[in-house]
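K.L.:
Assemble the complex: chain C is given as a structure, and chain H must be docked to it using the hints.
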Amino acid sequence: MKWFLGHLPQIGSLLLNHAVLALIPLVVGLLLAIPLGWLARRYRLLYTPLIAGTGLLYTIPSLALFILMPLILGTGILDPLNVVVALTIYTVALLVRTVADGLGSVPDEVLQAATAMGIGRVRRFFGVELPLAVPVISAGLRVAAVSNVSIVSVAALLGIPQLGSLFTDGFARDFVDPIVVGIIACMVLAFALDLSILGASRALTPWLRTSRPAVGRAA
Amino acid sequence: MNLLWDWLSDPANWDGPYGIPVRVVEHLGYSAVTLVLAALIGIPLGLWIGHTGRGRVLVVNLVNGMRSVPTLGLLFVAVLVVGPLLGGDIAFLVPSIFVLVVLAVPPILAGAYAGVEGVDPGARDAARGMGMRPAEVLVRVEVPCAMPLIFSGLRSAALQVVATATLAASVSLGGLGRFLIDGQAYRDYGQMAGGALLVAALAMLVDLVFAGVQRLVVSPGLSPVRATRRDRRRQPTGVLDAAVAHQT
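Residue numbers (this note's numbering), protein chains in the order written: chain C, 1 to 219; chain H, 1 to 248.
Derived from the structure by calculation, the hints contain no laboratory data.
Note that the Cβ used here is the ideal one computed from N, Cα and C, for glycine as well.
Fair warning: there could be bad hints in the mix.
To be verified - Output of the computed footprint for chain H on chain C, the stretches with three or more beta carbons under 8 Å from beta carbons of chain H:
#, stretch
1, 56 to 65
2, 78 to 92
3, 136 to 147
4, 150 to 158
Unchecked claim - Residues from chain H that face chain C, not an exhaustive set, calculated with beta carbons under 7 Å:
#, residue
5, Met66
6, Arg67
7, Ser68
8, Phe76
9, Val77
10, Ala78
11, Leu159
12, Thr166
13, Leu180
14, Ala200
15, Met204
16, Asp207
Looking at chain C on its own, in the form it has when it is part of the complex (with noise of 0.2 Å):
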């Protein structure tokens, strides 16, 4: 408690830094698993091959990631841009499924009926589908939110300043208290996205509202 007092600033910084390195990649992520998702559900030929490969993607350790992302983008090691890129990419692995699945849980009944209206494909996709889709894409983004903020922290072991800082810091000075007060820090984190995500998506799901049941499951 008392090392947590007298490092507020610096804890406050590595929260920021975290915060960022965790956000940025889940919207990027986000918005590139929209299309892949659309893509694997609307080709049938396609949504085997995109789960598997984006599966397959997902199966890389974190630390791996970190460190094989130079080869790829020509960065340093130390540049943080290798966990934006790396975190992206389990961002994307996890959501094209949701997206996929999310997108195929709307009810057939429903397409029909905007088609019958006189709804176009895209007015379609983005007035029905997609808001239709939300609870199950809040979910697994939820997952991603969380998971994200867990395997930042793994940038510290290659310097990388952020929350992770703290137990690298503690662990060499054989000192538990800043390691506690960073998981505690990170905990905190993931839980305050996980919040916003759920707050978001009952603010875009409003006919939920009314049938409280439903949005049980989704919670």
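P.N.:
What follows is chain H alone, placed relative to chain C:
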């Protein structure tokens, strides 16, 4: 790129007590011990929870909660706190295996639980109607039907453990992570990247092996593809997705 191939193609790195084959064996050793221990804890517990329906909330929260715990921090705390109590070589080994087990139990538990819970109630009723006792229902109907999910839990745990065992090198254990950590310490990028490539290959290989075994183990009556899809539709945000989604 050249550094990477130089390191990988140097015969000296493939030989001796610190060579690549030894590190692979160490890595797989840690992973195997962890997985066996985690399965011994997670499978019976998951089956029991799925069978009785007790402690369901616990499973979901455990799986979700554990994902937010940063592995590296947990590992360091375990080594600093537990290590001094043990002394000697096991001062690093025991806490590391402990942390790996802690990580591996939730997906296994969730898989076993979701598998049993998702068994077709008709099949369960039929078994009861045939006069099976609760234990028989569990062993002869529920477990075989739950096999696809039990296995997908084991598979994601295995993947996670192989990935996380890499971090064990940061607390001075062996395994393939040694090349990543030592390469970093000596500013030898070839060694780091070579080790990273080996770890990635090993993780993929382990995942493929598990996928293969899964096919063999699951009863042909339950095509794994169909079973998982059915479950996912019923429970799009449920424990299964949580079980599968693990990475460190």
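K.L.:
Would you list, in rising numerical order, the hints stated earlier that this structure does not obey?
P.N.:
2, 5, 10
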